[in-house]
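First to last, the sequence lines map onto chains G and V. Be aware that the first sequence starts at 4, since it is given in my numbering, and climbs by one per residue. Be aware that the second sequence starts at 4, since it is given in my numbering, and climbs by one per residue.
Any given hint might turn out to be false.
Chain copies aren't distinguished; within one or between two, either way the pair holds.
Said to hold, decoys possible - List of simulated lysine-lysine pairs, DSSO-like, C-alpha gap at most 30 Å:
| id | residue 1 | residue 2 |
| --- | --- | --- |
| 1 | K46 | K77 |
| 2 | K250 | K109 |
| 3 | K297 | K46 |
| 4 | K297 | K233 |
| 5 | K250 | K77 |
| 6 | K258 | K297 |
| 7 | K197 | K258 |
| 8 | K287 | K109 |
| 9 | K238 | K46 |
| 10 | K258 | K233 |
| 11 | K258 | K238 |
| 12 | K197 | K250 |
| 13 | K77 | K238 |
| 14 | K233 | K287 |
| 15 | K238 | K250 |
| 16 | K287 | K250 |
| 17 | K258 | K46 |
| 18 | K109 | K297 |
To be clear, the hints were calculated from the coordinates, so they are not data collected in a lab.
Below, each chain spelled out in residue letters.
Number of protein chains: 2
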Amino acid sequence: MENIVERLLSGDRRALARMVTLIENEVPAARRYLAELHRYAGKAHIVGVTGAPGAGKSTLVTHLVRELRRRDAKVGVIAIDPTSPFTGGAILGDRIRMMELSGDPKVFIRSMASRGNLGGLAASTRDVVRALDAAGYDPIIIETVGTGQAEVEVMRTAQTVLVTSAPGMGDDVQAIKAGILEIADIFAVTKADKPGADQTVAELAMLLSLDPMRRLHDKSQPYWRIPVLKTAAIKDQGITQVVDAIKEHHDYLVKSGMLAHRAQRQVRSEVQALILNSVVNALKARTTEDEWQKLVDDITTRERDPYSVASELQERIGLRQDP
Amino acid sequence: MENIVERLLSGDRRALARMVTLIENEVPAARRYLAELHRYAGKAHIVGVTGAPGAGKSTLVTHLVRELRRRDAKVGVIAIDPTSPFTGGAILGDRIRMMELSGDPKVFIRSMASRGNLGGLAASTRDVVRALDAAGYDPIIIETVGTGQAEVEVMRTAQTVLVTSAPGMGDDVQAIKAGILEIADIFAVTKADKPGADQTVAELAMLLSLDPMRRLHDKSQPYWRIPVLKTAAIKDQGITQVVDAIKEHHDYLVKSGMLAHRAQRQVRSEVQALILNSVVNALKARTTEDEWQKLVDDITTRERDPYSVASELQERIGLRQDP
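Please put together the full structure from these sequences, using the hints given.
The structure is reproduced here in structure tokens:
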């Protein structure tokens with residue numbers, strides 16, 4: 004029964020592919036297997052690659068994988084596809100390009116759809132990372148469109164986050180301002196052979212110079228200066244520098260103690276997410292759709308209020324109520 | 004003791020302001036008051052205004068409030084301020100401008116800080132809307148920077164969502180593509196006196212024409228055609244049209260049955276959020292920080308796995324475990 008775990012650990016790609024499918028389909032047995040795999044995981048460097056649609060993420064990832072293979076790494080890629088009908092076409096083309104790599108036995112690529120289930124995607128991604136990690140893939144690259152809630156949540160699984168921007172998309176600087184800055188460890192300005200690349204680099208550098216942490220930091224402590232790198236993937240320019248920066252960031256995380264710190268934070272949030280997911284399942288199991296509908300109707304017609312209904316349901320799932 | 008509820012219902016602004024403070028500070032008594040206020044709420048039209056930083060949201064809101072006052076509405080405004088140090092300055096200026104309105108006894112403006120607590124902000128906003136609604140404010144405008152997770156969550160409270168875009172910020176179209184499109188009911192292209200406004204309008208119209216729902220919709224059913232309106236708030240241009248569109252959208256929501264449908268969906272998510280919040284509080288109450296740390300250490304050192312730790316904590320808070 005646990006054969007799949009042993010086969011996965013011995014490097015069987017088909018066992019790994021099946022495990023990923025079990026995780027995606029939320030098959031209950033998957034959790035038992037993952038509990039075993041957890042012991043063997045924790046070695047891989049987990050790298051997130053994000054950016055607005057059209058920023059050239061997939062092309063960059065394809066080239067990063069080639070460079071990592073030249074350095075003899077066994078590379079895992081988890082590509083999160085948004086389900087929005089508006090970007091479907093472009094994504095598909097990118098994926099086809101990336102799939103060219105998958106003939107390589109030391110590259111494992113899996114694309115996962117974000118089904119709009121916020122917590123679900125982050126949990127599945129964490130579990131797939133765990134499986135790839137136990138199977139010896141290192142680094143593991145997670146690629147997302149960095150704009151949706153679910154995608155930002157997914158990025159929290161990464162230890163190093165690479166944010167891509169293309170020249171002439173003023174949008175990125177705005178988007179970064181509004182939130183991505185806080186999660187970026189490395190910036191890559193893609194399509195650097197196009198006009199405006201230097202301006203985008205300058206804008207990002209300006210933005211980074213405003214970072215108050217930069218000015219406040221204790222000089223005796225290791226400090227990560229977020230690099231802004233230019234790449235032109237089709238000309239294979241800047242790719243080795245990005246791979247070097249990823250490695251350097253990993254070294255920094257180890258030396259500064261940040262790697263351990265982030266791992267602890269991630270474990271906390273994973274345990275919390277597992278519990279909250281169980282609560283949602285318990286509610287579903289103990290409340291029929293008709294009952295839910297009746298309660299919702301009572302609240303919308305103002306016969307009851309949401310607070311007392313929440314208390315009643317908490318009792319039903321056994322949740323202890325503190326004063 | 005319940006005096007504050009009665010005073011709030013009779014139109015006492017100071018009682019309302021105090022209630023909002025109780026909600027913001029998560030004072031336990033607030034929930035008892037809100038359970039009573041729930042009976043009197045449900046009349047207001049809740050309008051969300053969102054868009055990237057610099058899109059002119061606050062200026063637009065200020066002018067919308069003036070126009071609504073001309074139409075003799077009693078208007079509530081909840082402005083969510085991001086806590087990011089990068090936008091702090093701009094926001095403050097906007098707020099000062101908006102505060103000019105607050106001398107009017109039929110305008111209630113409250114700014115709330117997003118403290119990075121995802122569920123917390125959405126819950127507080129819902130509760131403040133409930134208090135304003137019970138106090139007779141209608142419409143109630145919620146203004147956010149539409150980029151963060153917490154802000155998107157907040158927008159779900161709105162019945163009508165207005166997305167603002169300024170010309171020359173190509174970003175908006177990208178950001179909209181990536182998610183805001185799904186929540187937008189009305190587009191306002193602000194700063195229409197600046198060059199590029201018509202191009203932004205054309206881009207948005209193009210994007211909307213791609214909406215597959217538009218092509219599939221059943222012609223016998225009421226259908227909302229998302230309008231793209233131009234405004235130049237400082238010249239008071241387009242403001243009446245935006246207010247008209249907001250009213251028309253409300254009429255559409257009522258006629259199509261969408262208002263009732265959305266209300267039901269919101270009640271469900273509110274009850275779920277209240278329960279999940281209790282779970283988080285129960286976990287905090289029954290697990291000391293030292294215990295948490297020990298569990299986290301055991302997981303990071305691979306002595307235990309996150310799944311079994313989650314099960315153990317679930318038992319501790321009484322949560323029934325389904326097979």
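So, going through the hints one by one against the coordinates:
| no. | hint | in the structure |
| --- | --- | --- |
| 1 | K46 / K77 | within (12 Å within a copy, 60 Å between copies) |
| 2 | K250 / K109 | within (19 Å within a copy, 59 Å between copies) |
| 3 | K297 / K46 | between (50 Å within a copy, 21 Å between copies) |
| 4 | K297 / K233 | neither (58 Å within a copy, 43 Å between copies) |
| 5 | K250 / K77 | within (15 Å within a copy, 58 Å between copies) |
| 6 | K258 / K297 | between (57 Å within a copy, 23 Å between copies) |
| 7 | K197 / K258 | neither (37 Å within a copy, 51 Å between copies) |
| 8 | K287 / K109 | neither (42 Å within a copy, 44 Å between copies) |
| 9 | K238 / K46 | neither (32 Å within a copy, 61 Å between copies) |
| 10 | K258 / K233 | within (26 Å within a copy, 54 Å between copies) |
| 11 | K258 / K238 | neither (34 Å within a copy, 57 Å between copies) |
| 12 | K197 / K250 | within (27 Å within a copy, 46 Å between copies) |
| 13 | K77 / K238 | within (24 Å within a copy, 61 Å between copies) |
| 14 | K233 / K287 | neither (49 Å within a copy, 46 Å between copies) |
| 15 | K238 / K250 | within (22 Å within a copy, 54 Å between copies) |
| 16 | K287 / K250 | neither (45 Å within a copy, 37 Å between copies) |
| 17 | K258 / K46 | within (16 Å within a copy, 58 Å between copies) |
| 18 | K109 / K297 | neither (54 Å within a copy, 37 Å between copies) |
Figure legend: structure checked against the earlier numbered hints; hints not met, in rising order: 4, 7, 8, 9, 11, 14, 16 and 18.
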